[in-house]
Amino acid sequence: MILRLAVWLLLAPLLPGIITKVKAWVAGRRGPPVWQLYYDLFKLWRKGVVLSTAVSPGHVAGPAVAWVAILGAALLLPAGPALAPLAFRGDALLFVYLLALARFCTSSAALDTGSAFEGMGAAREVSYAVIGEAALITALLALSVQTHSISLTSMLAPPAAGAGAALLAAGLFGVLLAENCRVPFDDPTTHLELTMIHEAMVLDHSGPPLAAILHGASLKLLVFSVLLAQAVMPMESLSPLAAAGELGAAILLVTVGVGLVESLLARLAFRRVPLLLTTSFLLNLFALLVAWKGGRL
Amino acid sequence: MTNALNLFIGLAMGLNLLALASSRLPSVIRAAALQGMILGILPLLIENHFQWMVGVVAVGTITVKGFVIPHLLRRALRAANIDREVKPLIGFVPSLLLGASATIGAVALGGTLPLLPEHAGSLLVPGSFATVVAGFLLLMGRAKAISQVCGYLILENGIYLFGLLLINSTPLLVEAGILLDLTVAVFVIGIIMDRIQKEFDTLDTNKLTSLRE
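These protein sequence lines are chains P and Y, in that order. If you read the first sequence in our numbering, its first letter stands for residue 1, the second for the next number, and so on. If you read the second sequence in our numbering, its first letter stands for residue 1001, the second for the next number, and so on.
Because the hints were derived from the structure by calculation, they are not lab data. Any given hint could be a false lead.
Taking CB as the label site, the calculated pair distances span [unchecked claim]: (1) P:2 x Y:1120: 39 to 49 Å; (2) P:248 x Y:1084: 41 to 51 Å; (3) Y:1108 x P:244: 36 to 46 Å; (4) Y:1004 x P:2: 42 to 52 Å; (5) P:137 x Y:1108: 14 to 24 Å; (6) Y:1023 x P:94: 34 to 44 Å; (7) Y:1108 x P:96: 24 to 34 Å; (8) P:49 x Y:1026: 47 to 57 Å; (9) P:240 x Y:1089: 49 to 59 Å.
A few chain P positions that, by computed beta-carbon distances, are all more than 10 Å from chain Y [what the hints assert, rightly or not]: (10) 8; (11) 26; (12) 49; (13) 58; (14) 127; (15) 286.
Where a beta carbon is used, it is the ideal one built from N, C-alpha and C, also for glycine.
Based on the sequences and whatever the hints tell you, model everything.
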């Protein structure tokens, strides 16, 4: 359990590093080292906290609670050969709620500063979450119908690849991009006030809380990559080592995919974002339809 | 066999939604053309042994729906200097949701219909219903004449999909007649578009509702 926790915590900051590296390669640059986020986190951890006079203790507590919630969600997921550290009947619901709690804490901490700008970021984040969460829940519902179970451990062991798995993969990849504020939905590197969503919310955080937010974001990316890989790829029949290798390869593939999407696509205009999110929702919905009709069609 | 068939019909159903969601006229035309070509392949999959008549129908359908009609539409687009934005009367997200719920409804409805045993497992009937509804949505929900033509094409694709149920009993002449009708219809609509363009300096069909001398 402790070992698994350590693996989740230590591996998470690697993913944004890989994405940045892929983007740099596509653009023909050398790019920052893959370990950059570790250095950043270490640097932030040693710094002090600057607080506005307007904030309540919730401003500091928000990122901490969000970080713990995402970590809790991570512990509910099975990873390759290893079963989930925490598993019980109905933990899929807790998974969704923990992610929602993390979002609530980040946005309420943003609203807490009283800055109109961060309020705007929080408003955008939660309004996109309306469709994004619906898409995630539909995907989990499809998995649940497919495997007749509401426990993540058995839900994330799909019987075989098919049309439903392809739809689910596409839909979940869309959700992953949206939930982690990646390029067609949001640009993590931008600092233009018109285009920011997530960045706008964390502007007033500094020091260790900011480190918690950054680490939480990378952890969330890892959680969604594992969810995507586990939901689509059948790995029950493989030996533990092969399954672990397959999971690692899948996560790497997802990460490189995100990097390629970011290099090749431009950020969408705001009014087009709901359309794209609805598309991922519908992809998951059709995966649900395939799962529902699967037996009889 | 049925799996490949269902895969193609599923692709055609996906193209319905693509046509409903795309905001540019060329991509709507492309979606309709691609759908026509996919449907053109289907007769070859349904028939177990190759018949030359079915082959002729397939080639004819692919040529007319995949190349001739889109070419005519693109030419009209260039000649009339239409700007490429689709003007939705029903927004993209609502029409996408309507199309998706129609698709799900069609699949649910297809399960309850008393079909022949050999059609029971295929997506032919649900796909046809979903495509017809998507065509209607495009016809009703878009203001530009070209996107209405695309809606009409998709509507016809849906009817063609339904006709595939009877492929053995429909003579070649009927198929050829339908294709000819379709081409003539697109010609006529092209001429009408040209007239609308000359008269009103726009292809927005909303302008047609105001009477004048």
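Ascending list of hint numbers which this structure does not respect: 1 and 15
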